[in-house]
Amino acid sequence: MAKYLIIINPAAKSGKAAALLPLIQFHFANVSHQIELSEATGHPTQLVKDHIADDTRYVISVGGDGTTGEVVNALMSLAEENRPALGLICAGSGNDAVRGFGIPTDTDVAIQTVLAGHTKSFDVGKVNDRYFASSFSIGLDANVVEQTLIYKAQKAWSGLRLYYAALLKVIVSKLKPIELTIKPSSCDGTAESIDARVLLCATTNGQTYGGGIPINPGACTASGALSFSWIDSLTVPKTLARLPLIVTGKHSNLKAYHRREITEASISSTTGERLVAQADGELFWDTHFEVSTLPAQLQVLVPEKP
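Each residue of the sequence shown is one higher than the last, beginning at 0 in numbering that gives the first Met the number 0.
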């Protein structure tokens with residue numbers, strides 16, 4: 000049996016992740032391990048469920064946020080006492096989970112971090128029946144994720160270039176405000192009910208989404224809470240004018256930006272329209288979203304502090 004179950008998404012970062020296979024095989028040659036290659040969306044989750052064993056101590060995700068999110072969903076389906084630790088080797092376009100968990104993006108350093116075996120507890124988010132490691136959102140940014148998938152296929156772009164190009168495309172030609180009833184429950188027990196016409200609504204575990212956009216500056220993946228924010232509906236000119244502030248994390252004082260630290264939230268489409276949403280970069284559609292945080296439920300392999 001394998002101590003390390005390694006899930007590699009060879010299609011990540013427009014196929015560049017496949018080149019990491021020989022390097023990973025070299026570094027793990029002297030430890031018990033099993034490598035499985037994912038072939039499509041949904042496959043990483045199934046691979047973990049099919050190949051995890053009683054002596055599997057670590058499940059390693061090699062890919063981007065989508066692969067990580069799928070692996071996390073498989074791990075969270077297990078009882079906490081039987082749940083292996085998660086390891087991440089950065090090989091995707093966004094890599095917001097890596098940022099949030101404080102894992103090095105350098106491949107060699109990340110591999111050494113995984114092999115060192117030092118873990119730390121982190122929170123996990125949940126929306127409806129799925130879990131997320133870094134973010135869940137609806138509105139503008141979910142439409143941007145949809146556009147990034149188009150650009151990935153057409154242009155093989157990645158990282159911030161991919162996100163910014165998709166963002167500008169959506170703002171200029173597809174901008175559409177959505178009407179929501181938002182019911183966040185803050186960490187202090189305060190509950191609200193807000194009817195809002197919004198540009199976007201974002202729930203994050205860490206600070207960033209969309210490949211490094213600090214939508215919720217200062218958010219922490221081990222705080223026991225999720226950062227929940229929304230931006231009021233804006234015209235195209237106003238959206239473009241405020242975009243530099245948002246992508247640099249300097250938007251906290253904008254009148255249109257609202258934020259809560261929450262334990263749970265209920266979000267509904269006021270009109271009953273099915274809305275496009277994303278969780279760790281994977282798209283889904285619904286009219287109602289129940290969000291909650293699961294504090295310290297995931298052990299992650301991280302660099303050991305000196």
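There could be a bad hint or two in this list.
Lysine-lysine pairs mimicking DSS-like chemistry, simulated, CA-CA at most 30 Å apart [unchecked claim]:
1. K15 / K48
2. K119 / K48
3. K168 / K48
4. K154 / K119
5. K151 / K48
6. K173 / K151
Calculated from the structure, these hints are not laboratory results.
Against the structure, the hints come out as follows:
About 25 Å separates the Cα atoms of K15 and K48, which keeps this hinted pair within 30 Å; it holds. Distance restraint check for K119 and K48: the Cα-Cα separation of roughly 23 Å lies within the 30 Å cut-off, and the hinted pair is therefore satisfied. Taking the CA atoms of K168 and K48, the gap is near 38 Å; set against the 30 Å cutoff, the hint is violated. For the hint linking K154 to K119, the alpha-carbon distance of about 38 Å lies beyond 30 Å, and the restraint is violated.
Proposed proximity of K151 and K48 is supported: the alpha carbons are some 28 Å apart, at most 30 Å. As the CA atoms of K173 and K151 are separated by approximately 18 Å, the hinted pair is consistent with the 30 Å bound.
The structure shown violates the earlier hints numbered 3 and 4.
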